[in-house]
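Participant: The primary structure of each chain is shown beneath.
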Amino acid sequence: MTIIFRLCLLFLLVSSAQAEEYKIETVAEGLSHPWAIAFLQDGDMLVTERSGQLRRITNGELEQEPIAKLPDLHIDGQGGLLDIILDSEFSVNHRLYLSFSIGSKNANALRVISARLDGNKLENITTLFTASPTKDTPHHFGGRLALMPDSTLLITVGEGFDYRERAQSLDNHFGKLIRINKDGTVPADNPFADGEDALPEIWTYGHRNPQGLLVSADGTVWLHEHGPRGGDELNRIEPGKNYGWPAITHGVDYSGAYVSPFTEAEDMEQPVTYWSPSIAPGGFCEYRGDLFPEWKGNLFVAALAEKSVRRLVMENGKVKSQETMFTELDQRIREVRAGPDGYLYLLTDSDEGKILRISPAN
Amino acid sequence: MKLLKTMLYFIVAVLATFLLASIVGTQLVLADIQGFGLLVSSSDRVAATMHDIAGLATMLPILISVTFLLAFIIAESGRRIMAGKRTYWYMAAGLASLPAALTLIKTLMGGTVFAAARTDSGMLLIAFCGLIGGWLFARLVNRGKAE
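These protein sequence lines map, in sequence, to chains W and X.
Going by my numbering, the first residue of the first sequence is number 798, and it counts up by one from there.
Going by my numbering, the first residue of the second sequence is number 346, and it counts up by one from there.
Think of the hints as simulated: they come from the structure by calculation, not from any bench.
These figures come from a predicted structure and were not determined experimentally.
We put the beta carbon where it would ideally sit given N, CA and C, even for glycine.
It cannot be assumed that every hint is accurate.
To be verified - If you only want the chain W side, here are some residues facing chain X, beta carbon under 10 Å, derived: (1) Gly874; (2) Arg913; (3) Glu962; (4) Gly1053; (5) Tyr1055; (6) Ala1062.
Stated by the list, open to error - Not close to chain X: a few residues of chain W, all C-beta gaps over 10 Å, as computed: (7) Gln965; (8) Lys1104; (9) Arg1154.
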């Protein structure tokens, strides 16, 4: 009896310690489907709302007036204002990069621009990339951006939902990872740079709807993509490789039919891990801060459908273990970012979206 | 009794159309897979076809039932107002019903729920499955009336 009592006490203590590992604070609320966040050096934050506004948070307060409502934006379904990243020399040149959808219901596409942030205005807006051809669906734009250590820009493009077979063709941008220079030109060392049998800006292909992209501290490029019903993937990216969609997949179509009966094939890459049933990964980051030493080097994946964040403990390029976190919020999580202050930031996906800050309990 | 018989004919027509559409859909998807350079063996084909019949068994029969119901009501009304052979009216209704429903769903939801119907040729084949369903229903009703 005494032993059982002591075990119960121990269990309660451990549970209590886990529960108090972190605390969650609201940084901003009332955001319309916030999609991405960027951290400025002065502590301010820039947030994109899918409904088209770029907002600034100053001293922990959301400014009521948006910085900009971008021209030519097409807001429909999964489209709208999507990602934002800062130039690696932002403190000097104030340049940032934005992705969003343009066009119309019957002819829309992903576009990426660069612009100079001048106070609360966007100046010198330059179009760097527009996905081609256009599509007539409001789904699967991709839209994540990342800068490589060599200052080239990576862009994910989705396969447009109804155009999945075109992810296997190299004459279009559906289901591709694109690599361009910061002025929009194509790097000479791209795998298809000669442009003979493929569009030269294509870096990898065979993707479905990649909404997560990061370059880790060791230079590895990671990408996650939504599967259909099951088969969400985490991929380790290598230039020129084919990631299989829709020829191979671990998921099935929403209708219940096969997208493909095959899960592997020659010359097609396998994911590092996949999630079935789908968690719907919306964005991810690598934690490099000091506030949570035990999280250092972990990947954090925002999960829309699962209403959680997956913490992936990585070892030798593989997922050693996973922890499902923040389910107590009961919120679709669109994005998770590690701030330069060491905190973890979550964006919740709703008409009344929030920015949440995760800090150590003590 | 007459109503029960008509319902039975309707269910037979829906199931036949569902099986045909499912089989056609699988072959179209497998043709695309072969186009990527993967080898699809006969056993792969049979297994995939059976898998898809089971996988689509919840969504597709419901879709076909709803669209056939509306299409056949319109066909019967048309036949009574304008006359003509029942078989032709129901074949036309069956032919038009699935493309109309899938197009409507795409307009509302932004995507094609039945992958086989994403291309013009796929949509045509699915429409043809509907035509056979309409023909079968009319034929069963005609035979019932003759009896």
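Participant: Give a verdict on every hint.
Facilitator: Structure-based check of all given hints:
1. Annotation: Gly874 of chain W was flagged as interfacial toward chain X, and the flag holds, the nearest CB pair being 5 Å apart, inside 10 Å.
2. Below 10 Å, beta-carbon pairs count as interface contacts, and Arg913 of chain W has none with chain X, the closest being about 35 Å; its hint is therefore violated.
3. For the restraint placing Glu962 of chain W at the interface with chain X, the shortest Cβ-Cβ distance is roughly 5 Å, inside the 10 Å limit, so the hint holds.
4. Look at Gly1053 of chain W: its Cβ gets to within about 3 Å of chain X, closer than 10 Å, so that hint holds up.
5. The interface hint given for Tyr1055 of chain W is met, as the beta carbon of that residue sits about 5 Å from the closest beta carbon of chain X, less than 10 Å.
6. Hint on Ala1062 of chain W holds. Least Cβ distance to chain X is approximately 5 Å, under the 10 Å limit.
7. Distance check on Gln965 of chain W: its Cβ comes as close as 5 Å (rounded) to a Cβ of chain X, failing to clear the 10 Å threshold; non-interface status is violated.
8. Consistency note on Lys1104 of chain W: stated as away from chain X, and its beta-carbon is indeed over 10 Å from all of that chain's, at 22 Å minimum.
9. At the 10 Å boundary, the C-beta of Arg1154 of chain W stays outside the reach of chain X, the nearest C-beta of that chain being 34 Å off.
In the structure shown, a violation is registered for the earlier hints numbered 2 and 7, in ascending order.
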